[in-house]
Amino acid sequence: MGQSKLDLLQGTLDVMVLQTLEVLGPLHGYGIARRIEQVSGNQVLLNQGTIYASLVRLQQRGWITAKWGTSDNNRKAKFYSITKLGQKQLMKDTAYWQRLAGVMGRVLSMHGEGGEQ
Amino acid sequence: MISFREILNRVRALFRSEQLDRDVKEEMASHIEMAVEENLRRGMSAEEARRQALVRFGGVQQAIERHRESRNLPWIDVLRQDLRFTLRMLRRDVGFAVVAVLILALGIGANVAVFSVVNTILLRPLPFRDPQQLVRIVEKDPKAGESSKTYTADATQDFQQQNHSFQSVSGYFAFTGPDNYKLVGNGQPTPATGILVAEGFFQTLGMEPSLGRLFIREEFVQHAQPVALLSYPFWKRRLAGDRSIIGNTINLNNTSVTVIGVLPETFDFGAVFSPGAKVDLFVPYIMDDFRDDGNDLALVARLKKGVTLARAQSETDQLLPQLYFEHKHPEYGKGYTGQLTGLKEYVSGKLRRSLIVLWCAVGLILLIVCVNLSNLLLARAAARSKEFAMRRALGAGRARLVRQLLTESLVLAGASAVLGLTLAYAILSYLAHQGSLALPLLAMVRVDGTVLEWTLLIAIAAAVLFGAAPGLRMSSGNLQEVLKDSGHGLSEGRKHDRLRSTLVITEIALACVLLVGAGLLLRSFLRVLDIDLGFEASHAAAISVDYDDGGNAAKRTAIWQEVTNRSLTIPGVESVGISDNLPMSRNRSWGIAAKGEKKLDNQDFLPIFVYIVSPGYLKAMGMRLIEGRDLTWTDLSSDRAVVILNQSVARKLWPGQDPMGRTAVAGGSDAEVIGVIADVRETGAEDNPGAQMYLPANKLWGPEGCYLVVRSKLPPATLAASVMRTLRDMNRGQPATEFKPIQTLVDHATSPRRFFVILVGTFACLGLLLASLGIYGVISYSVTKQTQEIGIRMALGASQSLVQLDVIWKTLRLALIGVAVGMIASLALSRLIASLLFETAPSDPLTFVGMVTLLGAVALLAGYLPARRASKIDPMVALRTN
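Sequences listed follow chains A and S, in order. With this note's numbering, the residue at position 6 of the first sequence is 6, and numbering never jumps. With this note's numbering, the residue at position 487 of the second sequence is 1487, and numbering never jumps.
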């Protein structure tokens, strides 16, 4: 892994958390963080601690809810799950990021006029 | 962007901060444990597993901070930090905090109190339904006091029927004296004040009774069952708030009167229509009883919806001149005029200027307070400059520091506002119960929402004002220098000094303006007190006397004579007299003309104030007979009518001739002039003396009321009991009326002016005190700072007096500049209060010189104390320290 890790763009972490919860169901903070690291192929520069700021923000917006529970290995942990409102938001965000990614892809693969590779 | 739900959640999070912190810490701990476990499973050593877990987590404290940041409203968090820090700072310097809060509380308290008065009298609408529709109708050119501000029953009725501009027109009987009824109960009869109101009076004002009902039409016809409406305080106090009184009777002047209702607590007739008067009950004004009595209704009307004042005025201008004074006597003619004035404007318009001056004065006080605090804070700033430089060096931004300082001033202002509000509340409760103050609406003054808003506003404005200068100063400047500086350099803070001096000069100038204003008002007030009232108010007192003469003049004279004779036997009594009216308390005017060859018509009669009196009244009141003689008891029983006039009217009726022995047509009869007295101010100290006549109480002229005036060197309180005993001996029904010093009548009449003088004077003294504190502070501070320098100079041979002179000169320079600026400002501003002055020029030299001297003397004193300290500096000690 010679490359340096990707810096997270503003707001992307929130989407990742929502998507993770949408796909995997209720999960605790550690689980979410690990999952995002795994899925991103460890390319994301993520201080796991920052996930909690994101989680409280999403909670306050009413997109996720939290409940104390017990983890697989019997540890007390807070489990987060996505709400209806969160799902709606996720759909919006997904569409937005896909559009943005598409546009960025097109822009960056633009060739000079009449030029060649 | 940020949704309402989110704000709500964030605010909620503020209050659950600790719980949330605990939660997230626990969550993070468990997070790290899970990571450690996973790492162990992967085969790391215990130590490496934990290290890796922590690395991946990335700083627990930062994570918590970020958690807080994203869940809270960030500025509140900073504010909380600032507040905590501020409280710590203030606790460390309690002396400063207490002084600052006290000074500012005085300023804010005074401002809030004055604002409440302004709000009550000028800004707040009257407590009636749609008060903007209410108007007062008075003659356009009122020549003879209250009488020409009123209308006859006939004219009122015509106007009610013929106008198209008003929903309703009503009024009240304008010539009621205090204590005109006696309430007879189980015990001794007590006096009460009742006002006669015309039909629809309360409906016009838009009032509902709090109990029972209002008057109905049937109660305004002659020989109707007598009924009364009670004022709320009267019902509470005298009838113990008994609800069953409605529909039952009370005994008023030995007549059974049915109580039909109680008016709401918020209604204070006196406050609106007759400042300072306390009205207990209301009875119907039955027009048919008053057809022959001339002008006696004060009119209040309610405009129809959509009718402007101008339109109503133009209709009134057409209508009123057409109306006859009296239907029965068309030969009396017609020719009323009517000026419509909004009721609110009528009640408080005259006070507008005084109140605005008061408002400005109190605003000046606040400015002085702010300047003073600014100075105090600057002195602190000098002491704290290192602390701030350090904080800047550690990375605090300039804005952050200013914010910190502003928080400090806001906390000070907040504490002061609370204290000031308490102070204002105390002042207002005191004012509201000053019945002797003839200011309208004052009884309704209170702290309400508007007042609270105003308090908040001035507290914040003050905080910004006094916090800004030190804030900007402190956050600027070269930090390296400050950090290097040992803090006691000789040249340190020249700029600082200049700023502080400027502030002190401002303070002196502001105080100077206040002092000059107060001085001018005070001088006017003294001039008013100096006015020759035409009677001697001191050493005389009056009491309302009750008797039953059965309408027989001879019997009445006998009673009066007995009252007089018996009263004269009371030890200490010098002279006594009886009148049906007292100066400065009630209005009543009749007509008078000189009898000559030609037949008199209405135009020839001068309106004249009438007193129906007994022999000895003039002497008891201390009025001065210029010519002729006083009345005798024979005049009261004789058929030959006589009259005593005042100088003004005698001159008007017989210019350049001797009035003695001439015949006047007075009160409808021919009367011989037997005496002329010096003019008496009958309506108020500042009004010009009008026309007055004194008639004997005889068959022709029945008195309306009876006041026994007693002149004695003894204080009225000592005399009251024996006077009452004497009266009770003669008449067991004599109500417990008050034995009132005549001086209270004068005081009542001059009370608005005294009110303003006392307030403005207090503010000026406060300003002077604050300014002297400011001077003292600055000079004292500079002496402390220059201790070493002074020490060196003294060591080099400077004498004590030289050092002292030097400091005093410094003070004087500040004072002189301040006074010069203040004088110029005063000269410009005093013209604005010219209309409030009485026989005093706005540039009155005596006042100006006096105030400059006062200010200079106080400044010198404030400078002298530090100067003395400077001269006592021991060079050895001064040089050794530091």
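Simulated from the structure, these hints should not be mistaken for laboratory data. Some hints could be false.
Once the Cα atoms are required to be at most 30 Å apart in a straight line, the calculated DSSO-like pairs of lysine-lysine come out as [as the list claims (entries may be wrong)]: (1) A:K67 - S:K1025; (2) S:K1025 - S:K1328; (3) A:K76 - S:K1328.
Anything over 12 Å on all C-beta distances counts as not near chain S; from chain A, calculated [unchecked claim]: (4) E22; (5) L24; (6) P26; (7) Q43; (8) Q48; (9) G49; (10) G62; (11) L85; (12) K92; (13) T94; (14) R99; (15) L100; (16) A101; (17) V107.
For each label pair, taking beta carbons as the anchor points, the in silico distance ranges come out as [said to hold, decoys possible]: (18) A:S40 - S:R1092: 31 to 41 Å; (19) A:P26 - S:F1004: 52 to 62 Å; (20) A:N74 - S:A1399: 20 to 30 Å.
Idealized CB from N, CA, C, for every residue including glycine.
Hints versus structure:
Straight-line distance between C-alpha atoms of K67 of chain A and K1025 of chain S comes to about 15 Å, which keeps the hinted pair within the 30 Å bound. With a C-alpha separation of about 98 Å, the suggested pair K1025 of chain S and K1328 of chain S falls outside the 30 Å cut-off, and the hint is violated. For the hint pairing K76 of chain A with K1328 of chain S, the CA-to-CA distance comes to about 103 Å; that exceeds 30 Å, so the pair is violated. No Cβ of chain S comes within 12 Å of the Cβ of E22 of chain A; the nearest lies about 20 Å off, and the non-interface call holds.
Even its closest Cβ contact with chain S, about 16 Å, leaves L24 of chain A beyond 12 Å, as expected for a residue assigned away from the interface. The non-interface label for P26 of chain A is consistent with chain S: the shortest C-beta to C-beta separation is roughly 14 Å, beyond 12 Å. Against chain S, the non-interface label of Q43 of chain A holds: every CB pair exceeds 12 Å, the least being about 15 Å. With 12 Å as the threshold on Cβ separation, the claim that Q48 of chain A sits away from chain S is violated: the shortest Cβ distance comes to roughly 5 Å.
The claim that G49 of chain A lies off the interface is violated: its Cβ sits roughly 3 Å from the closest Cβ of chain S, which falls inside the 12 Å cut-off. Here G62 of chain A does not stay apart from chain S, with its beta-carbon only about 6 Å from theirs, under the 12 Å limit. With 12 Å as the threshold on Cβ separation, the claim that L85 of chain A sits away from chain S is violated: the shortest Cβ distance comes to roughly 9 Å. Here K92 of chain A stays apart from chain S, with its beta-carbon at least about 14 Å from theirs, past the 12 Å limit.
The Cβ of T94 of chain A sits about 20 Å from the closest Cβ of chain S, beyond the 12 Å cut-off, so the non-interface label holds. Every beta carbon of chain S lies more than 12 Å from that of R99 of chain A, the smallest distance being close to 20 Å; the non-interface claim holds. A cut-off of 12 Å between C-beta atoms confirms that L100 of chain A is not in contact with chain S; the least separation is 19 Å. In this structure A101 of chain A is separated from chain S by more than 12 Å, as the shortest Cβ-Cβ distance comes to about 23 Å.
Listed as a non-interface residue, V107 of chain A keeps its Cβ farther than 12 Å from every Cβ of chain S; the least gap is roughly 26 Å. Look at S40 of chain A against R1092 of chain S: about 52 Å separates their beta carbons, and that is not inside 31 to 41 Å. For P26 of chain A and F1004 of chain S, the Cβ-Cβ distance of about 27 Å falls outside the hinted range of 52 to 62 Å, so the restraint is violated. At roughly 50 Å, the beta carbons of N74 of chain A and A1399 of chain S sit outside the given window of 20 to 30 Å.
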